[in-house]
Amino acid sequence: MTKHAATKISPAQTGQTGQPAKQHKRLGTERVWLVLARRAYDEPLRQIGTVEADDGDLAGVYARSIYDEFAWIEMAVVPRDALLTVIGA
Amino acid sequence: MSKALFDLMARLADNKYYLGRRYAEWCSSAPTLEASVAAAAMAQDELGHARALYPLLRTLAPKAGVALDAEIEPETRTQFFTMMALSEPFVGWPDFVAANLLIDSALTQIFVAAQTSSYEPLEGRSRKVLQEERAHNVYGAGWAKRLAREGGAIKAAIEAALRRIWDETLCWFGPEGLDTQSDPLASTGTLDATPDELRARWLAEVGPTLVAAGLALPLRQNATTGAWELTESLPWDRWDADRYRLRALTPTTGSAS
Chain A
160 MTKHAATKIS
170 PAQTGQTGQP
180 AKQHKRLGTE
190 RVWLVLARRA
200 YDEPLRQIGT
210 VEADDGDLAG
220 VYARSIYDEF
230 AWIEMAVVPR
240 DALLTVIGA
Chain B
-16 MSKALFDLMA
-6 RLADNKYYLG
4 RRYAEWCSSA
14 PTLEASVAAA
24 AMAQDELGHA
34 RALYPLLRTL
44 APKAGVALDA
54 EIEPETRTQF
64 FTMMALSEPF
74 VGWPDFVAAN
84 LLIDSALTQI
94 FVAAQTSSYE
104 PLEGRSRKVL
114 QEERAHNVYG
124 AGWAKRLARE
134 GGAIKAAIEA
144 ALRRIWDETL
154 CWFGPEGLDT
164 QSDPLASTGT
174 LDATPDELRA
184 RWLAEVGPTL
194 VAAGLALPLR
204 QNATTGAWEL
214 TESLPWDRWD
224 ADRYRLRALT
234 PTTGSAS
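If you're matching them up, the sequences are chains A and B in order.
Be aware that the first sequence starts at 160, since it is given in the numbering used here, and climbs by one per residue.
Be aware that the second sequence starts at -16, since it is given in the numbering used here, and climbs by one per residue.
Note that these hints are calculated values from the structure, not bench results.
Even glycine gets a Cβ: it sits at the ideal position worked out from N, Cα and C.
There's no promise every hint is true.
Example chain A residues on the side facing chain B (calculated, C-beta under 8 Å, incomplete) [said to hold, decoys possible]:
hint, residue
1, A199
2, E202
3, I207
4, D213
5, Y221
6, R223
Isolated chain A (complex conformation) (with noise of 0.2 Å):
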């Protein structure tokens, strides 16, 4: 006869009755944007960060207000999914 181990649930996973603790709903799924930017007409755009947006003008609001680092004269952003793998990784 094959004894099964005990499944233990850890404390913070359970609420108070013992049984798994509720997950909330997720807003849904935002699609990744890369940032891209550059700081110097003689630069090339280089990727400085992501972001999470549903569509893209909510994406750009984003990227200008997270990576406000530098004054960029250019920054543009690409949903990630809209890249074509040439080389695999």
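Here the structure of chain A is known, so what remains is to put chain B in place on it, guided by the hints.
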């Protein structure tokens, strides 16, 4: 000094000041990190706009003396022309989004109408304000659509939040029925529109967003003219024309207090 102009500048400054404070209260509590950072940026924008407007009160009433000095700075000001909707902190995220979509855009409509204002300090500030408000508009529309898309209780919450501030936002543009000659701001060229025209412009701006999101508000688009119209009359019996806000309904009698 035109009282109408002074009152306009005071209510613009006060509502921007309080809108900035309400935004700031949520800049660490928005549903996503990106939304929180953008909320902080919007708070800074609104508070900056208020800071640029308050000193104009002194130039509009230079002989008001020491009493006005205390009333210029928001920290010592005692009489605010703030909308009732901004008088208390937002209870939840839908309230933030509703204020962003409706109240923020209503304030922006004044600056749109002031781009060729005869009052040069307002005309000069309008261009910068409008540049910064573009991002606020995108934010409010994006989040309203997102919450509506969730359906169920979340959609119901954003609809309720919008409905709570709908009437006051529309009344805030000013009394109905004034024409270019009878409206003190339009007749002097301070604004290029009467209150009814400002309301129409604002409805044309927010109407498409609300309808596209499937949010039930009392408006419709006229099939013939394409104009956006209200389907319910505004509660002018509750309008406080001195403080430019709606009086609250009393809980027991339902009458204005």
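Y221 (chain A) was flagged as interface toward chain B. Is the shortest Cβ-Cβ separation under 8 Å? For Y221 (chain A), the interface hint holds, since the closest Cβ of chain B sits about 4 Å away, which is under 8 Å.
Quick one, is the R223 (chain A) hint okay against chain B at 8 Å, beta carbons? holds, 7 Å
Against chain B, is E202 (chain A) within 8 Å by beta-carbon distance? At about 25 Å, which exceeds the 8 Å cut-off, the nearest Cβ of chain B leaves the hint on E202 (chain A) violated.
A199 (chain A) was flagged as interface toward chain B. Is the shortest Cβ-Cβ separation under 8 Å? violated, 23 Å
Hint check, I207 (chain A) versus chain B [nearest Cβ-Cβ separation less than 8 Å]: Nearest chain B Cβ about 14 Å off; hint violated.
Holds or violated: is the Cβ of D213 (chain A) closer than 8 Å to a Cβ in chain B? holds, 6 Å
Hint compliance for this structure: hints 1, 2 and 3 are broken, all remaining hints hold.
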